[in-house]
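Q: Once you've looked at the hints, go ahead and assemble the two chains, each given alone in its own frame, into the complex.
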Amino acid sequence: MDIFEKLEILTDAAKYDVACTSSGVDRPAQKGKLGNAVKAGICHSFAADGRCISLLKVLMSNDCAFDCTYCVNRRSQDCRRTTFTPQELCRLTMEFYRRNYIEGLFLSSAVVKNPDYTCELMLTALKALREDYGFWGYVHVKAIPGASPRLTEKLGLYADRMSVNIELPSGQSLKTLAPQKSKEKILAPMGQIRDGIAQNSKEIVRYKAAPRFVPAGQSTQMIIGASPETDRQILALTEGLYKIYRLKRVFFSAYMPVVADRALPALNTPPPLLREHRLYQADWLLRFYGFSAGEILDDENPDFNPLLDPKCNWAVRHMEHFPVEVNTAPYEMLLRVPGIGVKSAMRIRAARRQGRLDFDGLKKLGVVLKRARYFIVCGGKSASPLPMDNPAVIAGAISERGLGQQKMEPPEQLSLFSPTREDGVKCLTGQI
Amino acid sequence: MLDRTNLVYRYDGSYQGFLCCVAECFADKRLPQGVQPLDEPQATLFSIKVVETRPELARRVEKSLVQRISPEAHRMVRDGFLTCMEDKELRLIRFILLGYQHGAKVTGMTVNDDVHAVNKALLYLKNEAHYHVEFIRFADCGGFLAAMITPNNMVLPLIVGHFCERFNTENFVIFDKSHGMGFVYQTGERPCREFFYADSLELPEPSEEEEKFRNLWRLFYDTIAVEGRINHKLRRGNMPMRYWPNMTEFQRDPD
Ligand code: SF4
Numbered sequence: 002m003d004i005f006e007k008l009e010i011l012t013d014a015a016k017y018d019v020a021c022t023s024s025g026v027d028r029p030a031q032k033g034k035l036g037n038a039v040k041a042g043i044c045h046s047f048a049a050d051g052r053c054i055s056l057l058k059v060l061m062s063n064d065c066a067f068d069c070t071y072c073v074n075r076r077s078q079d080c081r082r083t084t085f086t087p088q089e090l091c092r093l094t095m096e097f098y099r100r101n102y103i104e105g106l107f108l109s110s111a112v113v114k115n116p117d118y119t120c121e122l123m124l125t126a127l128k129a130l131r132e133d134y135g136f137w138g139y140v141h142v143k144a145i146p147g148a149s150p151r152l153t154e155k156l157g158l159y160a161d162r163m164s165v166n167i168e169l170p171s172g173q174s175l176k177t178l179a180p181q182k183s184k185e186k187i188l189a190p191m192g193q194i195r196d197g198i199a200q201n202s203k204e205i206v207r208y209k210a211a212p213r214f215v216p217a218g219q220s221t222q223m224i225i226g227a228s229p230e231t232d233r234q235i236l237a238l239t240e241g242l243y244k245i246y247r248l249k250r251v252f253f254s255a256y257m258p259v260v261a262d263r264a265l266p267a268l269n270t271p272p273p274l275l276r277e278h279r280l281y282q283a284d285w286l287l288r289f290y291g292f293s294a295g296e297i298l299d300d301e302n303p304d305f306n307p308l309l310d311p312k313c314n315w316a317v318r319h320m321e322h323f324p325v326e327v328n329t330a331p332y333e334m335l336l337r338v339p340g341i342g343v344k345s346a347m348r349i350r351a352a353r354r355q356g357r358l359d360f361d362g363l364k365k366l367g368v369v370l371k372r373a374r375y376f377i378v379c380g381g382k383s384a385s386p387l388p389m390d391n392p393a394v395i396a397g398a399i400s401e402r403g404l405g406q407q408k409m410e411p412p413e414q415l416s417l418f419s420p421t422r423e424d425g426v427k428c429l430t431g432q433i
Numbered sequence: 005m006l007d008r009t010n011l012v013y014r015y016d017g018s019y020q021g022f023l024c025c026v027a028e029c030f031a032d033k034r035l036p037q038g039v040q041p042l043d044e045p046q047a048t049l050f051s052i053k054v055v056e057t058r059p060e061l062a063r064r065v066e067k068s069l070v071q072r073i074s075p076e077a078h079r080m081v082r083d084g085f086l087t088c089m090e091d092k093e094l095r096l097i098r099f100i101l102l103g104y105q106h107g108a109k110v111t112g113m114t115v116n117d118d119v120h121a122v123n124k125a126l127l128y129l130k131n132e133a134h135y136h137v138e139f140i141r142f143a144d145c146g147g148f149l150a151a152m153i154t155p156n157n158m159v160l161p162l163i164v165g166h167f168c169e170r171f172n173t174e175n176f177v178i179f180d181k182s183h184g185m186g187f188v189y190q191t192g193e194r195p196c197r198e199f200f201y202a203d204s205l206e207l208p209e210p211s212e213e214e215e216k217f218r219n220l221w222r223l224f225y226d227t228i229a230v231e232g233r234i235n236h237k238l239r240r241g242n243m244p245m246r247y248w249p250n251m252t253e254f255q256r257d258p259d
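Quick note, the sequences are listed as chains A and B, same order. Just so we're aligned, residue 2 is where the first sequence starts under the working numbering, counting upward by one. Just so we're aligned, residue 5 is where the second sequence starts under the working numbering, counting upward by one.
Okay, chain B solo, but in the shape it has when bound (with noise of 0.2 Å):
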């Protein structure tokens, strides 16, 4: 394995430009400390490397994961680059490392710790994106619907090809708080579906019509739990309470 220099890279955050920090430590044949986007705090111990992005560079990068670990691999890093793991673009490094090694066989190697950290954190990252296709809740806004969502990796590239398909027939979009990434899909002859950056989104007022449904859901949701099998522990346990300051059945007046 690769020593590790002192050197701290810093970048612009995006995909891209954590591939190009990846063709650096190439470059480099040592391992830096850290890798951090350039909007993190900056910490003064160490040398920094401002790598900069090339999406030419970017992309060769990207086609040698697929051909020369694994199309398996590259998909391990696409999504890893999406998770909340802790220094995750050193991770996916070391991860790299191995499977230029060990080419396609990497994936299978799941008692190693860079490969079981970065199995653990897709898992996280797939079981919080289940958890929005489960709990996000849609608003009707008068012409489009709207969701707002707070999760802790990047689900929402994730989710939305299931509420195309679904919502072929609505307009909506869905905004990632925590992230500031949001996603439009219009309908029509060709129907327009894009992803979009915001630090915020406003929504109009709920209408009445509005009201009643989010009322008769209310309604519906705690009628039907039998009163003789209250048993909140377990409803915690199958829907985190992190969910629920947005979903509608928990968003009630204070009166």
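Bound conformation, chain A alone (with noise of 0.2 Å):
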């Protein structure tokens, strides 16, 4: 099989992987090798789709021994099979990368064989694009759950990015769907990854040359809609995976039927865009803007509000605390204003630092009054064209079937807000 029909499949069996980013760890670069890392990560293109095309993301191998229900490359399925040589892999790598196509490599894989084998045959290649080739790019890798620990930890070493698939929201959904793997398969490595990054930064406090473990943290991701659990379970388990994991990124997949399975969605069921739309929403507001799950979802309002953004719909539901004046709000509150996003928060507070904000100072500062007016006053005043007293109205005034009558097919709907960008770079600015 030449190199063409293998990238071609491996590529294609890779590509319902989300996570692509490329963040996480600034890596100088150092002499005689090709390539560093900058923490902010950089895209290098986006596919038709829309998302961010910034690591070679293939498969090692896509000839499984397991059998998931929801998955292209499970054992049952009639489907080419193919398997990259180390050399294969670390040629487009290397090529692509001193082309400026690629920041690096994420390499996942199809069980082969058993899980063991597996993690060699990518140590293999990984050693290489390393040690032979040179790369000092960046490396995002799968865990392959249920590999020795010795093996995800070897792996790790040549890794900025170590990532192991929760796959679904909860331990019922899997035993169903994915009847090969368990929710402590899964949790092992990520805690294993854990305690690794926790030991490995104080050997680098005490000697400097340590080898670095997974440097740009681990990060995970779940399918959407595939399984029964409601948005709030969704939100709490996100929660708790940054919390008790540490992980740097929860990313989401809309489900998207590719296998006519009766514990499945029909094949004709469109992916939950909007969906994902949302929990990417309200992943940024318990990543960067200091909101609790329970703050955001609770047990009244188990699911987002298809109109509303979770910061939007917290806001209208908490009037109680509004309308805030933008010249003295603690930051803290500025950032839960709608349409004060992060950057623009941080530029109110060093602008009135210097006079007092107007209105039209606000929008300098890159505020979306078409949101926040409800919410703000400048210097006493307020630039609601509403009274104040009924959130209803409010509501309607700020949902986004209100913002100049969008449609409401859900790929168009993603343009408002992008969750595929690096992190750091535009999702700051995000006005949520």
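Source of the hints: derived by calculation from the structure; they are not laboratory data. One thing to keep in mind: the hints can contain errors.
In the EDC-like style, the derived pairs of lysine to aspartate or glutamate whose C-alpha atoms are separated by at most 20 Å in a straight line are [unchecked claim]:
1. K365/A / D118/B
2. K237/B / E401/A
3. K216/B / E96/A
4. K34/A / E90/B
5. K32/A / E193/B
6. K203/A / D27/A
7. K216/B / E6/A
8. K364/A / E169/B
9. K7/A / E214/B
10. K7/A / E213/B
11. K365/A / E90/B
12. K237/B / D27/A
13. K130/B / E90/B
14. K364/A / E212/B
15. K40/A / E169/B
Just so you have them, the derived chain B footprint on chain A, three or more residues with Cβ under 8 Å [said to hold, decoys possible]:
16. 95 to 107
17. 309 to 318
Being a predicted model, the structure only gives us computed values, none of them experimental. Note that the Cβ used here is the ideal one computed from N, Cα and C, for glycine as well.
A: The following block contains the structure:
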């Protein structure tokens, strides 16, 4: 099989994985080696689906021994099977990198024979890439659940980031849809990687030359909409993963029916893109805006509002905190105003030291007044065109339907807010 | 603020020349109507004053920006000069005057019209530079890598550092067609890094090996998109179409 066909098969099999970020670590260049890594990450292209292409995202092999119901690579599927040789993979990575097509490699794999054998295959390739080819760019590697801890640790020494897919939002769903996997098998390497990172950062303090273990941290992803969990359950799980496993990122993937099975949504079910979009917005609120999962969704409201982003939704249900005076409100409160993002909140904090702000000034600082005007006063003055005593009226005015009558087709919605752009660069400016 | 004369300054278009225009304006104690590079078509409505470029004078002006305003303001002027802001010279001169009035505080006066205009232009410059770090594409020309760009702002000085580090094992050249300037990096014991000016740059025809990797990249690009999520608007939002013509994945044979 020639390299073109292999690349096509092993890319096609890897494309449903969402994470493509190259962020989390600053690694200065080293003389004589190709590449470096920058903390904010760099996108190099955007595919026709609008998602960032940062890494050469491929599988080592799609020749899987397992039979997970929702997966295109499962044993019982009839398809072309192939495996890269380490040389093929190294050449592709190096040649793509020096043309500035990519920021590095994202290597995952189906389970060839058994988890340990698969891990060894990936190890051989990464070792060659780092040591023989002198590649100094970004590497994200997927840990294989069920592999021996010794091999997982070795993989981590060649990688910048590691991830274990949590796959589905509950242990029950795993049992039904991925019978060879289990919550325990998935969480074990996740815990091991967390402890490895903690241990390694102690060693680095003691002696600088200690090899770095997964310096960009670990991430995970789960499939949304293949199983019956509520948004609230998913968000609570996400918050737990950040807190307990100290993950850098949790990614969500709207389930795209690729397989007909009684346990799964019908083949013509559209992927729940709006729901995925709302989860990313809520994830931003958890990571950058100081919200907790319980504030965003609760027993009364277990699912997202399709018409309001989660921040607006929180604000209209808590009008007792508003309006706030932008000239004096604490930074944490500015962050909670719809229409003020992290960047504009920081700019307001800096600018108001120089003098009092008015509405015109706010606009120049990047505040989206169309939304913010219902929640702020400026020097005691309000710019709200509506009476402020009825939250339902305000909700109507700022709902996404109200904003210029957009079509409610989910893919169009996604353009309002792009969760797939690299961390830190554009995301921080996301005005939610 | 100073009055305006009905003079238009013309200068050689260099940063040093611009700094001499700043000095000229101080000597005149008045703002000109406009400041134009010599290679721009001449507007005849106003009288013309050609400002000579004197490196020594330029150095003195630059030093005073740092000392009398602040290093931060100096950086803003220097980078502001790389932008494609409308009437950039006049805007920058007004920004400098404001700086001499208010000192280091000027950079924080973000709601002032001139400061706002300069900040906006700088943001565009920074964003465009970032787009180039992302989307610039090199070709292996046998012995060296080459990239062509067509930016609106002069982003080259902002991006070469990144590639010198990352590609320290490679010889490379980046050429900015819009501004007729380029940059070369050559490895070796003492690496050479140099800007140059040229009207155009001729590159050899791609080798078979080069074509192979371009095609592999196009294949990867096409395969990685998920059909059920095609979203052209989102793609255009993240990657403005004006960069596409220089990108390998969009350069295809018509057949
Ligand atoms: S183990 Fe991975 S590749 Fe194999 S069937 Fe399950 S999800 Fe698919």
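Q: For the pair we were handed, K203/A and D27/A, check the Cα-Cα distance against 20 Å.
A: Measuring from Cα to Cα gives roughly 18 Å; hence the hint holds.
Q: For the pair we were handed, K364/A and E212/B, check the Cα-Cα distance against 20 Å.
A: The hint is violated at about 53 Å.
Q: K32/A and E193/B were given as a pair; does the straight-line alpha-carbon distance stay at or below 20 Å?
A: Holds, because 11 Å separates the two Cα atoms, which is no more than 20 Å.
Q: Check the hint pairing K34/A with E90/B against an upper bound of 20 Å on the C-alpha distance.
A: violated, 42 Å
Q: Can you confirm whether the C-alpha distance between K364/A and E169/B stays at or below 20 Å?
A: violated, 38 Å
Q: Does E96/A sit within 20 Å of K216/B, going by the straight-line distance between their CA atoms?
A: holds, 10 Å
Q: Does E90/B sit within 20 Å of K130/B, going by the straight-line distance between their CA atoms?
A: holds, 17 Å
Q: Need the status of pair K7/A, E213/B: alpha-carbon distance at most 20 Å?
A: holds, 18 Å
Q: Decide if the proposed pair is consistent with the structure: K7/A and E214/B, CA atoms, cutoff 20 Å inclusive.
A: Holds: K7/A and E214/B sit about 19 Å apart, inside 20 Å.
Q: Within 20 Å, alpha carbon to alpha carbon, are K216/B and E6/A?
A: holds, 13 Å
Q: Measure nothing beyond the straight line between the CA atoms of K237/B and D27/A; if it is 20 Å or shorter, mark the hint as holding.
A: violated, 32 Å
Q: Are 3 or more residues of the segment 309 to 318 of chain A near chain B, judged by a Cβ distance of less than 8 Å?
A: Since 0 is below three, the answer is violated.
Comparing the model with each earlier hint shows violations of hints 4, 8, 12, 14, 17; every other hint is respected.
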